[in-house]
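Numbering of the sequence shown is given in our numbering, commencing with residue 1 and proceeding in unit increments.
Watch out, some of these pointers could steer you wrong.
Stated by the list, open to error - Here are the simulated SDA-like cross-link-like pairs (lysine to any residue), alpha carbons at most 25 Å apart as the crow flies:
(1) K172 / K281
(2) K281 / K295
(3) K188 / T276
(4) K295 / R77
(5) K295 / P248
(6) K188 / R167
(7) K295 / H307
(8) K281 / E225
These aren't lab readings, by the way, just hints derived from the structure by calculation.
Quick caveat: nothing in here was measured; it's all calculated off a predicted structure.
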Amino acid sequence: MTSSSTSSGENPGTPGTVDRAFEAALYADTDAALDTAASLLAAAPDADPELERRGREFVAAAWRRGWQPADVVRVARRELDDVHLRLLSALIRRQAPDDRARGPRWAAQLADLPADPAPRTDRFSHATALLELYRLLLRLPALEPVDEPVTRHAHATAEPRMLTRIRALLAKAEATGYPDEAEALTAKAQELMARHSVDEALLDAQAPTHDIPGACRIGVEPPYEQAKAVLLDAVATANHCRAVWNEPFAFSTVVGFGPDLEAVELLYTSLLVQATAAMTKAEAAQRAGGRKRTKTFRQSFLAAYAHRVGTRLRAAAETQVGDDLLPVLATREVAVTDRVDRMFPETTTTRLRGVNDEAGWVEGAEAADRAQVKSRRPLG
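Produce the complete structure using the sequences and hints provided.
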């Protein structure tokens, strides 16, 4: 006796098997539907190539809807398990050769994908995990597309070397246990960032290149994501950029010119590391004194830190620009604002809520005063 699939002329591994599995599982959010679909796929090893091909199509569709590798990984890490994350990483890598040419930020995101393969499991468990991952990819909404800044300066190829030095200095500052050494390393890194941005502005003043602003996404993840988003917004504003927070998907989109975007990402990361270290130390002292309200203390600490750092950055920004470069920067800021308005026609201001711990606020403000926020030397 032949099976029903054979009698109908269909091989168990043909696209029809995958179609039936998808119809059962991807559009019905129930465990029973998922089990039915996984059983179909587990019984059809010949369907594996088609199943993977469909997965690559889902990845490509996510890119067309404005997502980037780091964005999808961030969502998968939050909503699924480690096995899904490893399956996703492998799928993105296999799709990459079929993708169009991308910029260095995209390449860096691919390089940061988890490298370990997913653990070997039985066919049913493997199919279940794939279907759960495909459900996630299929349901990703469209995002505002971001593209890397267009830079036409002749010395643009020197940028990676400068940024590598800056990252190395900040990494050492964050790793050391000696405050004086951390201060010296952070100050040096910020001097390099300032020099890099000054060079760009001077080149624009002397030989306009009509560069256009780009955008990037920076993760702003729980806990205390509201305070982190306010901190990122302050850093972005001080560096002639604009940040728009997407709370549901745990990132902010930062719009600006290439060197300024790099400065924002580096400085925000460094300040966040400094804040976490200071908060941990302050919290330990509070708990040693018998305090137990850890969550409210941390929320208020980071909120005060973000507020105070923003004040310091704004004060520094008011004195960093020479009069002869004001027209250049004004033109750039108009271009950035125009790009933000086109990407995000409706934006709202991020406001801090749930800040009611006086000790946390005081400690956070003091930590911000100690943080290394060295202003750029005046331009011009």
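Do the hints match the structure? See the list:
no. : hint        : result
1   : K172 / K281 : holds, 19 Å
2   : K281 / K295 : holds, 15 Å
3   : K188 / T276 : holds, 21 Å
4   : K295 / R77  : holds, 23 Å
5   : K295 / P248 : holds, 21 Å
6   : K188 / R167 : holds, 11 Å
7   : K295 / H307 : holds, 18 Å
8   : K281 / E225 : holds, 20 Å
Of the numbered hints listed earlier, not one is contradicted by the structure.
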